[in-house]
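Colleague: Chain residues, written in single-letter form:
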Amino acid sequence: MSVKIVSLVSVGAHPTSGRARRAEQDARAVELGLQLVGDNLQVLHAGKAEEPALRAYLGMGLARLHVLEQPAGSDALPALAEYLRDAAAQIVLAGTQAETGEGSGMLPFLLGEQLGWPVVVGLAAVESIDGGVAHVLQALPRGQRRRLKVRLPMLATVDNAAPTPRQSAYGPAQRGELQAHEVDIFDDPLLAESALQPAKPRPKRLKVIKAKSGADRMKAATAKASGGTGQVLKGVSAREGAQAVMKLLIEEGVIR
Amino acid sequence: MSDIIRRDPRAEWIARNRLHPLHAAMQPQPQQWMGPHGVVRKNPHGLGFMGPNGLKRIDRSGAQQGGNVRRTAAAEAKLPLHRVAEPAFYIAVVPDMVGGRLGSHDRDLLGLAHRLAGQEGAVLAVIFGEHKESAFDTAGVDRLLQIDGSEFEGYAPEQRVQGLRAVDGQFQPRHWLLPDSRSGGGELGRRLGASLGERPATRVWQIKDGPAGSQCTGRAGAGQQDISRALPRLILAAAECAEPVDETRHEVLPVSLHGAVARSLPRIEDLGAVAVDPAAIPMAEAEFILSGGNGVSDWALFHRTAEALGATEGGSRVAVDNGHMARARQVGASGTWVTARVYLAVGISGAIQHLQGIGACEKVIAINLDPGCDMIKRADLSIIGDSHELMLALIEAVEQYRHGAKREAA
Amino acid sequence: MLSVILPTLLFASLALAAFGALRRIALWRRGRPAQVDVLGGLLAMPKRYAVDLHHVVARDKYIANTHVATAGGFVLAALLAIVVHGFGLHNRVLGFALLAATALMFTGAVFVYKRRLNPPARLSKGPWMRLPKSLLAFSGSFFLATLPVAGVLPEHFGGWAMAAILGVGVLWGVSELFLGMAWGGPMKHAFAGALHLAWHRRAERFGGGRSTGLKPLDLTDSRTPLGVEKPKDFTWNQLLGFDACVQCGRCEAMCPAFAAGQPLNPKKLIQDMVIGLAGGNDARFAGSPYPGKPLGEHSGNPHQPIVNGLVDADTLWSCTTCRACVEECPMMIEHVDAIVDMRRFLTLEKGATPNKGAEVLDNLIATDNPGGFAPGGRMNWAADLNLKVMADVQQAEVLFWVGDGAFDMRNQRTLRAFVKVLKAAGVDFAVLGLEERDSGDVARRLGDEATFQGLARRNIQALAQYRFTRIVTCDPHSFHVLKNEYAAFGGQYEVRHHSTFIAELIQGGRLNLGQHTGGSVTYHDPCYLGRYNGEYEAPREVLRALGIEVREMQRSGFRSRCCGGGGGAPITDVPGKQRIPDMRMEDIRQTEAELVAVGCPQCTAMLEGVVEPRPAIKDIAELVADALIEAPLRANSVASSKREAAQVNP
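Protein chains in written order, with the UniProt record's numbering: chain Y, 1 to 256; chain E, 1 to 410; chain F, 1 to 650.
Any given hint could turn out to be false.
[Claimed, not checked] Below, computed lysine to aspartate or glutamate pairings styled on DMTMM-like, alpha-carbon distance capped at 20 Å:
| # | chain 1 | residue 1 | chain 2 | residue 2 |
| --- | --- | --- | --- | --- |
| 1 | F | K356 | Y | E31 |
| 2 | Y | K247 | E | E399 |
| 3 | Y | K247 | E | E362 |
| 4 | F | K388 | F | E435 |
| 5 | E | K132 | E | E251 |
| 6 | E | K132 | Y | E251 |
| 7 | Y | K204 | E | D246 |
| 8 | Y | K247 | E | D380 |
| 9 | Y | K234 | E | D374 |
| 10 | Y | K149 | E | D298 |
| 11 | F | K577 | E | D298 |
| 12 | F | K356 | Y | E24 |
| 13 | Y | K204 | E | E243 |
| 14 | Y | K149 | E | E269 |
| 15 | Y | K149 | E | E151 |
Think of the hints as simulated: they come from the structure by calculation, not from any bench.
Build out the structure end to end from the sequences listed, making use of the hints.
Modeller: Following this line, the structure appears as structure tokens:
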């Protein structure tokens, strides 16, 4: 395919250690781009160029990564929008949301709004690109897929249904070039008024018992939690067993 | 059921014991109630029970019971109606309506909206197209706006944003609430935010009223951090963000849009769902998994069963090690962590790593020969028996069911 | 007549052989430079050959004696033949000496011939089947040709016919033995093997030494290739080493992956490297192919990438780095080094670590442990044990290196058992706590030298802050890396495996042990403890101290079969016909032991993964902890028995 594709990447954080790494979904955006156009893929980051975690993207086999040089905490949107407007890209790929910072997942939509491009969420595969129109598969929950016809240029976000990113190799990561571009810097007002703090564990929702009588309360307190112990059918015939299983499967609506 | 009427001493005992949790269910039907005109009515036939010889007996001890006493749950009490005659403002909610019904996430959201609306505001639910929901009233919907039209059908996020913009223009809701879900709400809310120029608070899980106005807290980044900020106009709330409404009924007054909704240029066209082979669905996403372990002897039959049930196949480590299943199909801590709604485990005894991997599954069915194994302790339904025969019976049962469904359709 | 033919043939073949040898040397020189003591190696070579090599060969008495006779006879015969027939020095004494040498060689060759009548599967066929006949022809012809020199027969016995027959015999003999040596025949092993012994990349192995740590890759020099892509990326003495292979197949017979039907055969791998060095394809390979991979489909040359031309990637990833092949190789070829070199390229340059490999490496980079667990949970297993942490105490006699087993619930039992033993013996020990990281073993075996070096540097930095006399660990993999591989990065430590340390404690009388009561026991030698570090005795000593008479498996000690858990093999998970741990469990079952003692978390995990019913698996530390008689406990029991006595007699 000879279209121009740009993948947007950010610096991620490992879920248990919080250490900087390539962001999982952004890596998938790069992978999808590499599968579509190979070496012609352009990869773009807005942030600090000296961040070592960016090399993990280079390790996927990229010769260079363009960095719109910004200090931490600035608004990436204006710089990206301006760059993309001039980049003549047909498809811009991004992860669904960042692993660090606010991670609101708004960036693709705001970019789409500013550039006037359609935004497709949950891109799983690009089937064909033909005369300014792309046929793409969109991922739905539970592994389902929907086919969409989208006018180019478009912006697409990928989630975990996109292809698994290839391994980042040390050699190319060291050789690849982080190409810094100077851009105007805008501060993000949100960070001025609120700060990030370590996530508080969310309270588990309790079953609130609004009992009218003492007996009801007793019943609620002594009744076993649902799903605690299941029903065990012992010594039934295979047919009866199968009927019991079928009943549950039909109740759950998984038999179609 | 046999026709012989038998005494159930335990049931009698429960019926006498007012502290027993099942006491209420064991009480006979009410013998007297208030009729529609305020007159007390009695049912003289309801008294007593059929004795062992088929004669009607009346037991004055208060322990009346019997095989033919119908144990029905107490009728649901009517909740008080919450009326908002002249709403001072609106809180707009756009529920996901998965399958045309309010989901639990939607109800939580309506509960949150109700909190934000207080006594003066009205909760305005905006839904697109047809619905199958009959309980908007108890879920807390004061006003219901149904936006119809072929252009909103299927996947039409851009057109729906146009619809919501029209709602925004007409009702000027104080807050917009959307579920931050993968079933559409998260996407629609962000599109709306971008379109309205509102910066939403996302993945909000808590809203607190403070001296400086309401503060909302949402997850940030990859879920390792929280961000708190003043409550913005557009809120994308996570599941369990608030308690659902459960003490009031609401009016569900229909409202409508005055003008026509602007038609957006269809830049994204929905070509419909793509048939997905259950076998090709990634394990982590599959809805229904048939998983085999060491107790499966006939793997050809196992594969046939999976095909007949339309289930995604999985396997225990042993099954994978023994080469019956590809490594990518391994379920468990060292394989894939699955989230299936129904997990049918055949011949899997349930090593701890395996049970860890199915922790997120809603319903687990176990088929096993050993009634003492750990999988059965975890399962919601367990069949003790030979997996071979059971799988054969299952295939037959599914085929019968499908035939039946077809005949009904015909 | 013969006096003309013989010198001509001899000198012609020697000249051609010299030419061939130079050509072969040029082939080796395509490899990268290596630091070698050229002269010292050559001088040490005869001793290395006669002692170290013979020591390995002598494990099979039949072939050892045969080889001494044939090779010794040949070397003598060849030298004398050049003097006697080449230079025409027809001296009677020399004649008899030559007769004796050829007779010796002939005898040896007869035994070689016998061996080849019904050869075991591990031996290569093809040209190797011709070799005993060539040996017989050489020795027989020279014997006959020398009889006149010794004066046994008259000068021109047999006339033309005899001369012709001898001429043909000698021609055959010298072609195989002189030309074949330098031009790639079976006898190449003698020429390349001798030089390989002289310029071996691990000279420390000779004279009873041991060198098992992988050689570091220089990551700071951008000209050094990251691992081996093409045959010419090996160092020249590695290429020479491949050429030394005699295709005896002892490695093949010992390789756990080959036995499990995974696509690896160490002998074929080395021969493939020879093909890569000289160019060609593998159709003429006369031994067992890689299981499931037919011959004739792979080819290569020095300038062509090895993987997916000459060798498939899954062949390289099948290796468990158990070193059984290296231990067994009479030519002391370093198979594991070669495999890891090629893996390095795949991981560092291609990013092609298969299956869970990439995930494990990412986890190691981001969380310092292969499972991706939160680094802060590293000490959770010991929350109630009140362990001293180095950061608090600054010094201790023993540093207990916990290893990544800290995150594994099964291994935590072993760790807790070992802590109990340490406490019972009153050892002054401390742990690094959260400052400890994965030793880097898995990363390095998977070829990720960069991640290994990163982990190693940080571990060494952490260790450098504290004072301790030795490190003790329950994990032979950490043990090996700390002991043998950190030295290259400036970390020199005295390291003990916990079995060795417990043995020392027992010897020092610091443990009060009862008897083991759990039935018969066998012991499984972990590769990284045994073959890598030569510790076979201490675990057995500990078991003996518990009153256990170990029921040895047929394959134990240096021939112990791998559990299948080393070298990242469970991570790369190359499918085979059966699983290595199942085979090992079969070995264990044959001893009819009820329990198998192990000393490695990997072995424990792999063996416990075998479907029950099977013998129980316990770490040595657990067995010792179970048999501990704790002093305060005894005091209590004494006190209670006294009280009872008081009650009985008021």
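Colleague: Hint by hint, which ones does the structure fall short of?
Modeller: Of the numbered hints given earlier, the structure breaks just one, which is hint 10.
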